[in-house]
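Taken in order, these protein sequences are the chains called G and E.
The opening residue of the first sequence carries number 1 in our numbering; numbering runs sequentially from there.
The opening residue of the second sequence carries number 345 in our numbering; numbering runs sequentially from there.
Be aware that a few hints might be false.
Pairs of lysine-lysine, DSS-like flavour, derived with a Cα cap of 30 Å [what the hints assert, rightly or not]:
1) K618(E) x K594(E)
2) K274(G) x K436(E)
3) K532(E) x K80(G)
4) K250(G) x K562(E)
5) K201(G) x K562(E)
6) K188(G) x K436(E)
7) K194(G) x K532(E)
8) K188(G) x K594(E)
9) K594(E) x K218(G)
10) K218(G) x K562(E)
11) K250(G) x K538(E)
12) K117(G) x K532(E)
13) K92(G) x K532(E)
14) K538(E) x K188(G)
Hint data in this document are derived by calculation from the structure and do not stem from the laboratory.
Chain residues, written in single-letter form:
Protein chains: 2
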Amino acid sequence: MTITVAVDCMGGDHGPAVTVPAALEFQRERADVGLILVGPGGAIAPLLRAETPGPRLRLREATQVVGMDEPPAQALRMKKDSSMRVAVNLVKAGEAQACVSAGNTGALMAISRFVLKTLPGIDRPAIATVLPNMRGGYTTMLDLGANVDCTPEQLMQFGVMGAMLVAALEHDERPRVGLLNIGVEDIKGNDTVKRAAELLKDSGLNYIGNVEGDDIYKGTADVVVCDGFVGNAVLKASEGVAQMVGATLKEEFARSALRRVAALVSLPVLRAVKDRMDHRRYNGASLLGLRGVVIKSHGSADEYAFAQALRRAVEEVRNEVVERITRRMAALPQAPSLPRFAAT
Amino acid sequence: MTITVAVDCMGGDHGPAVTVPAALEFQRERADVGLILVGPGGAIAPLLRAETPGPRLRLREATQVVGMDEPPAQALRMKKDSSMRVAVNLVKAGEAQACVSAGNTGALMAISRFVLKTLPGIDRPAIATVLPNMRGGYTTMLDLGANVDCTPEQLMQFGVMGAMLVAALEHDERPRVGLLNIGVEDIKGNDTVKRAAELLKDSGLNYIGNVEGDDIYKGTADVVVCDGFVGNAVLKASEGVAQMVGATLKEEFARSALRRVAALVSLPVLRAVKDRMDHRRYNGASLLGLRGVVIKSHGSADEYAFAQALRRAVEEVRNEVVERITRRMAALPQAPSLPRFAAT
Chain G
1 MTITVAVDCM GGDHGPAVTV PAALEFQRER ADVGLILVGP GGAIAPLLRA ETPGPRLRLR
61 EATQVVGMDE PPAQALRMKK DSSMRVAVNL VKAGEAQACV SAGNTGALMA ISRFVLKTLP
121 GIDRPAIATV LPNMRGGYTT MLDLGANVDC TPEQLMQFGV MGAMLVAALE HDERPRVGLL
181 NIGVEDIKGN DTVKRAAELL KDSGLNYIGN VEGDDIYKGT ADVVVCDGFV GNAVLKASEG
241 VAQMVGATLK EEFARSALRR VAALVSLPVL RAVKDRMDHR RYNGASLLGL RGVVIKSHGS
301 ADEYAFAQAL RRAVEEVRNE VVERITRRMA ALPQAPSLPR FAAT
Chain E
345 MTITVAVDCM GGDHGPAVTV PAALEFQRER ADVGLILVGP GGAIAPLLRA ETPGPRLRLR
405 EATQVVGMDE PPAQALRMKK DSSMRVAVNL VKAGEAQACV SAGNTGALMA ISRFVLKTLP
465 GIDRPAIATV LPNMRGGYTT MLDLGANVDC TPEQLMQFGV MGAMLVAALE HDERPRVGLL
525 NIGVEDIKGN DTVKRAAELL KDSGLNYIGN VEGDDIYKGT ADVVVCDGFV GNAVLKASEG
585 VAQMVGATLK EEFARSALRR VAALVSLPVL RAVKDRMDHR RYNGASLLGL RGVVIKSHGS
645 ADEYAFAQAL RRAVEEVRNE VVERITRRMA ALPQAPSLPR FAAT
């Protein structure tokens, strides 16, 4: 079956200059993928070069662009013909099975939620990404900033969504789900995480209990659940540490002629390390909990990174992430309403 | 003036085997420091070697030890003759001006708060530490786990405490205070941080607004304020990233004979980088907001790291951190009670 992906060509720091070539290159490698490039024709057509639009490569006009710093509510109300909105609309209409955007995250979330709606039982969508870990694999973490305050129920739903994402993409039917906390003991944390732990224990997921910040990188769990405030702070701090280590290495290797020789000799090693840590390799955060696949590429993505986000979109459709979340939510034990009220 | 530090000799992973030699070595270098070594005499005396107790080196018997995993409430109630409790008591009694422990953080916080009490206007003490940043300096961050739920008022108080710590130790009277958030715009974050931002704006501190996780390592602010849940997760995730980068470097350098030669050539560089990132260098977290100086050493501290915590204790006393916090809190504009109720 051909999977069709709607591409918001206008998002990101570089816009169509990156998204269009990346999409074309990606499609050349994948005979099973159809693309709908969305944006002002005048901005996209000149970048098509030898490619001619056909059934597998369509263009869809959109006259507006959502600004990277535009308030989500404004984008939702005022930009009904934006490339982002039209791309999401294509998923809603069934013309595409997924959409990819490197644009404004808040706007993409607001538009996706408004147009596509959340899946049954899901209160709020969440943003999930993968981070490399010391086991040589990846840890999936969510939420990364869509929800600054979460109820215990939402955290449990994030666990279901993250587990189904990993089950689908990694073909691991019982991924380990951990709850980010400030200690591994049950008594740690605030009331919200304590109650979320109880819900996760009863969820039927392979819940392994509390994990701490360093467990994300140790690979203790396959899925780490937290609220969007914590997830965002952790993700950005992690990027900060990695940048600082890189900058320190550079500085120290440049400190003398002898050290610059050492740097030259070590270049293959430093490149390999950089490559393994390279966030471009796992570009493409999933907006989970929606009635459709929506992938957010990093705004600074280059062609290589944007193609990874497209790949991720196709994989999520092919492996039925949305269907898996739907089925798992329906299979959850029904929580009696009394203890829920008492605890929250 | 001689500054006297009470040392909980029984705390940490290694207990007196590390704390006693570290204390003796530190004192040899500092003629102006008196020490009171607290713990069971039988555990400490054999480690004194050539040193004989005198006015500058006293021993204080304590028959109990707080376990590293002991619940704080239990340590508080049942361990009234523990080395930790006796060391804190010495500060309360004025026999020592500071106390240092590598023991159970929760117990140290509970005991310190119970025995010493908080300063006027401080609702809850917080744990602060310094982290290296890309400007070649340090960023002070608090809280790191003492308070999992914080009110806006508490976050504002953390700002005052952190700023006074930096003012005292770095002799910078207007340290930049940032509030950790998921974006720099005022509209970002939950209600608690939005209200905390307002309070910080009115505090008279050099408040620079919201900062994000990577700003900790960029050195955008001198003090980064957050609740203890977020701070703990960020700190541990940061340690995790640093460990992963270190492990990846090691792995890649070991991959072939040629690469092992490159490692040998690069050894001075790798050592320099490791040294700059070394958390032992800035060991010693401050329990701020108490009527006395209490320093928490990392549990895994070796002699070098534990001596750093002792140094920090002496510096905080000498530079009057407690007095500065007290004065600054007294100088805060009195918040009218109505908006506080309305907003919280």
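Each hint, compared with the structure:
At roughly 12 Å between alpha-carbon atoms, K618(E) and K594(E) fall within 30 Å of each other, so this suggested pair holds. About 52 Å separates the Cα atoms of K274(G) and K436(E), which puts this hinted pair outside 30 Å; it is violated. With a C-alpha separation of about 24 Å, the suggested pairing of K532(E) with K80(G) holds against the 30 Å cut-off. Annotation: proposed proximity of K250(G) to K562(E) holds, straight-line Cα distance about 16 Å (limit 30 Å).
A hinted pair counts as satisfied when its Cα atoms are at most 30 Å apart, and K201(G) with K562(E) does not qualify at roughly 39 Å. A distance of roughly 29 Å separates the Cα atoms of K188(G) and K436(E); the hinted pair therefore holds under the 30 Å criterion. Simply put, K194(G) and K532(E) have alpha-carbon atoms about 26 Å apart, close enough for the 30 Å limit, and the pair holds. A distance of roughly 34 Å separates the Cα atoms of K188(G) and K594(E); the hinted pair therefore is violated under the 30 Å criterion.
Distance hint between K594(E) and K218(G) is fulfilled; the C-alpha atoms sit about 16 Å from each other, no more than 30 Å. A distance of roughly 24 Å separates the Cα atoms of K218(G) and K562(E); the hinted pair therefore holds under the 30 Å criterion. Of the pairs offered as hints, the one joining K250(G) and K538(E) is violated, with about 38 Å between alpha carbons and a cut-off of 30 Å exceeded. With a C-alpha separation of about 23 Å, the suggested pairing of K117(G) with K532(E) holds against the 30 Å cut-off.
For the proposed pair K92(G) and K532(E), the alpha carbon gap of about 29 Å is at most 30 Å, so the pair holds. For the hint pairing K538(E) with K188(G), the CA-to-CA distance comes to about 26 Å; that is within 30 Å, so the pair holds.
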